[in-house]
Structure formats: C-alpha cells, structure tokens
Amino acid sequence: MASPTTTTSVQQLEHLLLRMWQIRWFELRAMELFEEKLIRGSVHPYIGMEAIAVGACAALREDDYITSTHRGHGHCVAKGLELKLMMAEIIGREDGYCRGRGGSMHITAMDRGMLGADAIVAGSSAIAVGAGHGLRLQGRDSVVVCFFGDGASNQGILHEACNLAAVLAAPVVYVCENNEWAISTPVTASTSVSNIADRAAGYGFPGVIVDGNDVLAMRDVAAEAVARARAGEGPTLIEAKSYRITPHSAATKTDLRPPEELDAWRARDPILRFSRYLTGEAGVEPARLEEIEEQARRDVEEAVEFAKASPRPEPEAALEDVYAPADWLTPGRLA
Amino acid sequence: MASPTTTTSVQQLEHLLLRMWQIRWFELRAMELFEEKLIRGSVHPYIGMEAIAVGACAALREDDYITSTHRGHGHCVAKGLELKLMMAEIIGREDGYCRGRGGSMHITAMDRGMLGADAIVAGSSAIAVGAGHGLRLQGRDSVVVCFFGDGASNQGILHEACNLAAVLAAPVVYVCENNEWAISTPVTASTSVSNIADRAAGYGFPGVIVDGNDVLAMRDVAAEAVARARAGEGPTLIEAKSYRITPHSAATKTDLRPPEELDAWRARDPILRFSRYLTGEAGVEPARLEEIEEQARRDVEEAVEFAKASPRPEPEAALEDVYAPADWLTPGRLA
Amino acid sequence: MSGVGSTEPHKSAGAGSAGAGVGAVRELTMSEALNEALHEEMERDPTVFVVGEDIAAMGGLFQVTSGLLDRFGPQRVIDAPISEAAQAGAGVGAALVGCRPVVELQIADFVSLVMDQVVNHAGKWRYMSGGRVTVPFVLRGAVSSGIGMAAQHSQTLEAWFVHAPGLVVIMPSTPYDAKGLLKSAIRDDNPVVFLEKRLLYSRRGPVPDTDYVVPIGVAEIKQEGSHVTFVSYAQGVHLGLQAARQLAREGIEVEVVDLRTLKPLDIQTVVASVSKTGHLVVATEAARAGSMASELVARVCDVAFDALRAAPVRVTAKDTPMPYAAPLERAVLPQVEDVVDAVNQVLGRVPVGR
Amino acid sequence: MSGVGSTEPHKSAGAGSAGAGVGAVRELTMSEALNEALHEEMERDPTVFVVGEDIAAMGGLFQVTSGLLDRFGPQRVIDAPISEAAQAGAGVGAALVGCRPVVELQIADFVSLVMDQVVNHAGKWRYMSGGRVTVPFVLRGAVSSGIGMAAQHSQTLEAWFVHAPGLVVIMPSTPYDAKGLLKSAIRDDNPVVFLEKRLLYSRRGPVPDTDYVVPIGVAEIKQEGSHVTFVSYAQGVHLGLQAARQLAREGIEVEVVDLRTLKPLDIQTVVASVSKTGHLVVATEAARAGSMASELVARVCDVAFDALRAAPVRVTAKDTPMPYAAPLERAVLPQVEDVVDAVNQVLGRVPVGR
Ligand SMILES: Cc1ncc(C[n+]2csc(CCOP(=O)(O)OP(=O)(O)O)c2C)c(N)n1
Ligand SMILES: Cc1ncc(C[n+]2csc(CCOP(=O)(O)OP(=O)(O)O)c2C)c(N)n1
Ligand SMILES: [Mg+2]
Ligand SMILES: [Mg+2]
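Chains as they are written, first to last, in numbering that gives the first Met the number 0: chain A, 0 to 334; chain B, 0 to 334; chain C, 0 to 353; chain D, 0 to 353.
Think of the hints as simulated: they come from the structure by calculation, not from any bench. Heads up, a few of these hints could be off.
Claimed, not checked - Here are the simulated lysine to aspartate or glutamate pairs, EDC-like style, with alpha carbons at most 16 Å apart:
# : chain 1 : residue 1 : chain 2 : residue 2
1 : C       : Lys317    : A       : Glu319
2 : D       : Lys275    : D       : Glu223
3 : D       : Lys317    : C       : Asp301
4 : A       : Lys307    : A       : Glu31
5 : D       : Lys317    : B       : Glu315
Predicted model only: the values in this text are computed from it and were never measured.
Kindly produce the complete structure, drawing on both the sequences and the hints.
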C-alpha cells in the first residue's frame, strides 16, 4: 500500500473508503436486482476494481469530467453521482439519471461531470479528446478522464484518439483498467504487448503503470497526470493493474477463469487492503470502518427503495427527446 | 548508399534500376495523360519513392503478396505487374487489369500477388493480416507486404491490424512510406511520435527505420523482415523515410511544401543515388544506365500505345461482375 | 403449412436442398442449428474458419461457435482482440486468397464499426477488380433488441447493407432456415451479411440431420392466406404468424411471406402473393425511415402497383434510439397488435386514423 | 420560379430568413457560399470550430474552409490526423460540453468509418440521457461521384443516416440553400449530417450578403408544374430541372420539389404536389435498393396512395459499385434522359417496358 504523497486528512481517507464501499454494495445489490428481474439487459459489476475509479476521481475537481464504459457504475459513484438516481436509472424509472432511457450502460450526468457511459468498447475515447478541447476553447481548465479496459486497448478508435489528444495536447487522462480479461479472453491472448502503458510511447506521452488495487497509489498517479493535463502538457496513459472479482456481467453465466487466479485476487481485494492500511498506519478505529461500510450499505439500500418507488416511464413518452427542441419540431409543421 | 549485404549480381542490380525507371516514366506519362484528360479522377505519382517499393518487392518471391494504396503504381510495377495492363486500367479500357472498372486507385492482379490497391487510407492493413493467415491455413509459406503512408499511420484500423497480426504471428510486413506529408499536412503535425517505427514496440514486434531512398538498404531490411515473417516469427514494421517529389496528385494544384525542402529531396533522388552507386562502386558503364532508362521509357511508351488501342468498356457491361457466379443469379430467377 | 415458428422441413428441403433426401429430424434451437452448420461446413472445407470475440474457449456469447475450438483448433477458431474492423478486414483478406472466413460480431450494432471493411472493401473488391477476384466472406451478428440492452445494443441495421452493392443479406426466422442458409452463405462466393435475432436463438424447430442447404434468394410462404400478404423476415415472421392466428379467428386469412434473403430479393414470390391478395403489409423490427419495409413498398409499387387495392402498410420500430425501460422498449418495437392493426387498416376494417 | 440551378433568393429568404431583409445579391459558387457560412458562424459564435483533413493551411481540398485558419487560428481550425472516427468522436465530445463543432470528411464515402461515432454516439446520446444533453454537431462531406473517382470515392450514402434515429440529414442543391442550410445546421441543437455534391461546388447561384438562414425541414418547389411531381435533392434537382425543360417543349409540366432536408422530411410539400399532379417521380444519385427514393415512395403511399394515378417511378443509380471508366460511370449514374423516361413512364406516354 502506497503512503499518501500529499497530506491527506483522515476524513479524506475515510471518504475514499466510503466511496469504495458504496460501489461494492451498489454492485452487489444490482446483481441481486438483476436476478430479481428488476434490471433488464445486463449489469457489469465493478467489484474488485473500486480503487481505480475512486483513486482517479479523488484527483479530480467537481468541474472535471469523466467518460465511462459498460462497466460504469464505479466511475459514477466515484465521480459523486447520486446513488438514488443511478439506481432508479438501472431499474428503468423516471427518476433515473436518464429517465430510464439509458439503463446501466448509459448513465450520463453532466451536472456531476459525467459525460456518459458508453456500451461501445473504447467508444468514448475520442469523445474525451473533443470534450477536453472544447472545454479549453471555452476558457475552462477542466480535465477529462477516460476510463477503458484492457480489451478496449486494441480498438482502433483508441489509437486515433490517443494520437489526436497528443497532437492537440488535449487535457485528457487515459485510464486503462487492466483487469486481465475481456469477457472470456485473457489480455495475454488479445494484446500484443505486456504492459498496455508501453503503448503511450508510441504517442509521445507518458505511460504509467500503477497497482490498481491501491487506492492511494492510484490517486497519486492520477493527480500527477491531471496536473499535467491541466497545465496544457497533454495526455497521460495510466495502466491500472487490477482484476474483476465477479463475472463479466450478471447475465454471463460462464466464467472460464482459473479459480486459483480468482482466489489470489480476492486476497488483494482493494477494500480489504485499504481497510488494513487505515486501521494500521493511518490509525483509524476498526469500529469506524464498520460504520463506514454500514453507511454505504444504508445509502445503497435507500437508493434501492427510492428507485423502486419511482414511477415507470409511460409508453407514450418513448417518442420524446429523440431531438432537442428545434424550429422544425413545431407541432404540425412536419408529419 | 548501403552496399548489398547479400551477393547480388550486376544483372539483379540493373533490374532494380530498370524497375525504378519504369515507375518514374510510368508516373510522368500518367501525369501527362491526366492533363490530356485520358485519365479521370486522379493519379497519385510515386515519384521520389521508387526505392521503397522496388527494394521491398526485391525481397519477395513471386508467390508472395502485397497490398497497396491510392499511390499504388509503384508497388504494382515493383511486384512485376505488366505495364500495358496497368496503363490500360488507368485510362479505363477493357484490357486493363480490372477491365477499366477500378482505375488508378484499384489495380488488382492476383496472378502477380497484388491483392489490390485501396483508396481508403490504411484500408488494406487488416486485409494483409487475413491474407497472411489464410495463406498459412492453406499450408503456404507466402508473406504479405502491406504498404501505407505516414498519414495512414494514425488510422485506427492500422492499430487493430498490427495488434491482430502480432497475436496471430501472421506473416505480414508493414512498410510505412513516410514521405513527410499527407496531402498538405506534415507528419510532424499529424503524428505524435518522431519515428513511426517506434510504434512497433507497442505491438511487441520489431520496428526498423530505413533510408527509403536507398534501394539496397530497403531491400536488405525487407529481406530480413520477410524471412522473419516466413519463419512464423510474426510481423515487422519498416519505416522508410522518403519524400514525394511531385504534388500529392495530378489533380491537386496546391502544394504548400517549402521549395527548399523539395530541392533538398530532389538532390536525394533515389534513382540518381542508385545510378551513382552503380557507375561507382558497382562498376557499371554509364552507357548501360542510359540503355536501362531508355528501355524503361520504351516499355512505358509501348504500354501507352497498347492502352490507347484497347477498347472502351460498353455501357451495358456496367452491371456485370457485381456478384460472383451463384445459383441465385440464374437469369429469370430473380427480378 | 405448420404453425408458428416452425417450417415443414421437407418442403423447404425439397425446394432447395443440395443434400440427398431427408434424414432424422430433431427439434433444435436456432443457436444449435447454426452451430451444426458451422461444424459441418468446417468439416467439409478446411478453408472455412471462424473469427470473433469470445468464440473459441467460450463458444460465443450465445454458444453458436460452441465446440469448434476443440474440434478445429486455434488456427481456425480465433478469439480475436476487440477490434471489429480488423476482424472484418482480415476476413476480406483471407477470402481473397481462397479461404471462407466467417466473422462473428458479438452484437449486430457493431456493424457500425465495420461498414468500411464490409461495404467499401468486401462488397466492392470483385467489381473493382473487373470480376477477377471473389470474396467468399460471411459476417454474422446478433440482433439484440427486446431484452433491455438499450440503444447501442438493439439495432436492426440490415437496411444499410441492402443499400450497399455487392453484398448478400440474410436474416433467418427458423432453426431450419438458419442452418440451411448459413451453409449456403458459407458456400457462396459472395460476401454475405447474416443477421441473427438473439431472441430467436433459443426458439426450437425441426432440423434434419442431413447436409441440406436453403437456397439464397428464395422467399418462403410460411403460411398461406388469401386476404392480405404479410411480408417480413426474422422476428417479424413470428409477429406475422401470431397476428395471422388471431385474425384467422375473425375469418381473415393472412399469407405470411418470409423473405429469408433480403438481398437478392425474391420479388416474384412477394408479387405473386400480392397479385392474389391485393393487400400488402410489410414488417421489420428496424427503425422506420429508410428501412427494408420502405424498400419493399417501393419494389412492389414498381411491378405490381395495379394489384394493390389499398395503400400498403409498414409495421416497423419507431424512429427512436432503443430505450432501456421495458414499457418504452415495448412501445418502440413492433408488436403483434401492430400487425393486427395494420392488416385491419389495409383491409379497411378500421378507420385509417393514423 | 427561376431557372436551372438557381433559386429566387428573396422567396426562400422570406420563407425562413432569420436576418433582416435582403442585402446585395452576388453570384457565388456553392463552395464560396459554404465558406461564407462558416466564416459568418465562426464570427458569430466562438464555440463553433472546424476540424478535418487539410482544412487549415490548405483551406480544404475544395476550398470550403478557405481563410478560416488565418482568421480564427489553429485552435478553432484544426488540421486533423487521418483518423475520421476520432474526428467525429471529438466532435461529439466538444458538442457535449457546449461547443458547435463542424467536422469535414474530405470525401463522403468515409462516412463508413464514422458510422459508430455518428449513429451510435452523436445520434443517440441525447435520447440515452433522457433528453438531458444536446449534441449540436455537424458532419460535412463531399459526394464525389461523376468524375471518375471510382468505387471508394463515389458513394451517395445519405440513406444510412436517414435510417438512424436522432440525426438531421441535409443535402443542398444551390449555393443559396447551401449557405442558409449550413448556418441552420450549425445553429441547430441536433447532430446534422450535411452532404455536399462535389460537382455542385463550382456551380454558381445568387447569394445575398445578409445573415439569412434556410430553415431545416422545409422543401422548396424549385419549379411549378401540374402534370408530374418530381422529388429529389442535391444533384438530382438539376437533373429534374433539365428534364423539365425538355419535357416542357412537349407540353409536359413537371413540378420540381427540392427536399433540401431529407430528415426531417417535409412530407406535406411533397403530398400537396402529388395531390395536385397525381404522378410521382423520385430521384437520387444513390444506389437504388434501400435508397431515399424508396423511402419517399413508401412515405407517399402512407398518406397519399389514393392520389397516385400511376405507379411512382424511382430514378436512381444502378445497384453496382461505381465503375471508373467514363461510359460505365455514366451508365450507373442517373441521367437527364432517365428522368425524362421516368416522367413519360409515369404518365403512360411510353410502354412500361422495364
Ligand atoms: C465495440 C464493442 N465490441 C464488443 C463489445 C462486447 N463487449 C462488451 S464488454 C466486452 C469486454 C470488454 O473488455 P475490457 O475492455 O477489458 O473491459 P472489462 O469488461 O474487462 O471491464 C466486450 C467484448 C462491445 N460492447 N463493444
Ligand atoms: C480514410 C481516408 N481518409 C482520407 C482520404 C483522402 N486522402 C487520400 S490520400 C491522403 C493522404 C495520405 O497520406 P499518406 O498516408 O501519408 O500517403 P501519401 O499520400 O503521402 O503517399 C488523404 C487524406 C482517403 N483516401 N481515405
Ligand atoms: Mg478487461
Ligand atoms: Mg505521406
């Protein structure tokens, strides 16, 4: 466990833990809701990877942005989205962030700097560049963090986006969540290089490897990359080595990963490790940790209650919001 | 000028020169034919880059393959395609390689191992991988060389193709023709790394820089890469540093390149350099060189005559060859 | 003809079988039928190979490639990196040198990533070469609407390929057709886009264990009827058959034409039916504007306008991205009731209050 | 109405101008008109920026972005690396945070590389967010058929976008419309695909120097007529106007409707015309199957089937990739004669021998 390089109050540390627990409980409840058929389609749990999003977002300001993936709940929680509105979204209710239109894979919350989750693998990598450039054009010094997976690293648009971000020196930080697998395909089989971070050299910007199960280490490398981006020095690629402890998705019943591998990573559980650090070096009372976990659990439970009480969308509303308001939408003007 | 590392007969050296002159004259005549409106659309001359294709193809067997680009005539000549059939194609006649259907940007000649020129920048980079893999599946040990430009190096599919080629250890050699410009855009503005060859490290295969105006050096690095590919050791990326002496295309009248830059590269003309080597170190008579140039000129002239005498396609034939023969094409069976 | 979701195998086999007679007929799911087709074709022809995401060890997200890795090894059953364009491009390259690649897109929406390789390359290479090369390439993908996968995993995009010269486009509705058509697609020397409706994967139907093929470009009348011609494909056929059952109770006989192949289009079968019934309803699960439904209306107008006794009616998805929540998704996708309404409308049985 | 290739500016301006009255009217080429639109909009709104290949120093392959770099600098006039998907994606991202990006595709065929970013992202982001975001994004591209650029540089692919929910699709036929529509497109809060026919870039027409806009979703009758309704857009409009002149000599009056916007479709104007003439010819330079021509036939059948006195006729490109040689390309693309034939056919003046 890395020690914080910046002075960090106990309160701040506890907040990181809270976020990690919120993600953990959110995902556990979401998997249950999927089994209960309250969630349709799929749910891709972030369990085991909580330190990446929480660490990275701890390095961000409120007016910074992120883009996210199919496995996006963790990013949302880490960026400070409201659990209630998230939960309502993923069970398809009107009070959800997207009024139930988007579901688990498409949560968007501009007011919290969440540009959107994207179910197209690597699909948001160029969106991040444009957002970064667009913010700068408007005189803002916000930074955009783009999360993507090891599997996504072989997608063409990521290459294009990295190169474009580099030549524009766009304020973007790429965070590759290398959890070793893309559904059933191990990163060693899909990816022609041992460390995805090494590809950064091909774009002329720094590539950094970090223990993705160490929330403080993650926060520190992110902070450096964010500072670089904000200063106009261009992108950084952070490769966070981690693992997903749960299956690819709640809908995917086959899991081909060796049980020993899973066990080994369970032992490196980022929440356990951080908890150990907190009760050890940081001197936090164990009881306090239990309180934090309990609070997270309550927060998630409240979110579930809120979501369940939220109304289902009316079928007629399906035709709304295809287009933004425009002259040519004047009723009666067009068939 | 590199000295040949493999023993090379004078005849072989002279053949390289002949090919280079054939390309040069072919392109000069093509530009004229464009002005005469015998060629439609566009023509992208390979002038100044002759050593790349001729060097690379000198390392190939007849049963090896290449894929090519919008700037493809040089690759075709180097791979041993017939000038007559090429010329007939680019002026749109029935005797052309593609019966006038393809034109300058789409010459294909499977019997000469030319898989096809591609007007989509970087478009053939994955085709090369599949061809290589497909040949191997059929028990053949042929190799596929994929030519592409500096501009193409930022295209997503190239990234995907390089990674796929690497994980399959496909028998592919990537030859990046870095002629410093993509139409009006300098490589320094479009590409986030100084040497495109450096990107090979991101795929775990060798990246080699070579003087693309030195035909023997080009042949040597290609030979090594081809041997590697043939041995099942996977792809290589060769970055050939060169320059195009003529404008982007016969149709592009604007040329924003600094005249001094052009002059400097004219002085490094690959044909002049190789000629100097031949009359110097290799001890070939100057008169012999003139003969070779003259022969190339005659070959091209004959190709022009042949092409002009070839019939124009009949309009009715436009509907042919959309599909390969199939049951369901039986006349009368379908509307 | 047989009922909802099944086709009389011997009839279809008779119409287009390349095999010798009919063997044992089992009830298979569509994914099992497709899997059998792949096993048989890979056995028959060593140049056939499959590439896609999670298709090897896992056997595909929907088990269509199950068992292939063990039988044919990793050179012919390739778990590809997530890079759909390169997979498609590699397919084109392999086809050019004489292989018969089958590329699987996990979800059909990802066609948006391969349009260049499929349309600008696979579909054109032959024509651009003056007929000197062939591109025997198959692209398969699962159309995943109807189960809450939301906007980026629920599109039905066959119309894009129908609009692209040089391609064959197939969308089967039954296990029998799926197997026979996939075998035809693999054997065909042209690039084929083969779209499979995910909700149909688990649907069972009779499939003989013989080496039959279903011919490309031949529609099948899945149910005869004299009052209205209903034309669709894939899931739409089942909507039609269900609607037909409901309407039959009211004495309305719907003829259900299953296109099976969208391009080339078997317009003769469609027109023969319209000439008989004088009324046309076409259906697709795709968004309405620019859909195959529109194309069908235009094609029928071309050759049988005078046979139409009323305006043809299109039953389609709404022109919206696919929403996630169930009531919304249901409202966007065409339902059996919509087909019933359309039939009533075209027959003038209800006010055309649209 | 005025003649071939020109529109009476004050009429259109009157119909949809946001500016104050009509200023001086110059004869500009379409590329000059588009260039003016970009200059004016970038001046008006500092969040507008342009990105594309060779658009800065070179001013674009067809000079549409000429002079912008000098005036607005490299942060707003970006010579992008050759990576169309990233350019489009960057456009979406910039739009999400409040900019109004205009992305130029050098050749419209490269839409095949950006379908995912445009269809799965630009067109859906708003809907997927429950209406909480807007994506004011413009994608421009040059349709390059007719000049021997062959199969990969000659497609007319608007139908793909018409089929994609959430997009606006525009194809202007005159310099006047081009300028006014591009300004509308930039100001609109929705993603717009704006396709420009390359052969029209050099065509001149009157353009006022005022800050006018042409409204999205409003077709224009470019020529009135009572016998046949001809509906098209972009180059097709000029084919129609030329055919109309020929036919006028034989006493046939063709009403030429220029859609200008393909989505949303101004079906009212089309139907009003068809109701008057009873005869419909639709034209597009796109390949026939799944084209906008098919969509138009289906839409008219929906609402005005009974007004049709004969089968509507589609004039389109052939369903082939575009060949290079001149006689072949001419045979594949629709010509004025084809429109004349179609009009004769729909009027029953020649045997329907197709
Ligand atoms: C373009 C695209 N291809 C394929 C998929 C199907 N898919 C969803 S998640 C996934 C694996 C992604 O792996 P990775 O990027 O490592 O992320 P992880 O799931 O491991 O977090 C795949 C193949 C998709 N959604 N988008
Ligand atoms: C996908 C795609 N984008 C853009 C173009 C237009 N275009 C043709 S050649 C060219 C420049 C290519 O540069 P480079 O790869 O360096 O090759 P060079 O022309 O220098 O040989 C461009 C942008 C194209 N044909 N295809
Ligand atoms: Mg992963
Ligand atoms: Mg170049």
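Which earlier hints turn out false for this structure, listed by number in ascending order? When the structure is compared with the hints, none of them turns out to be violated.
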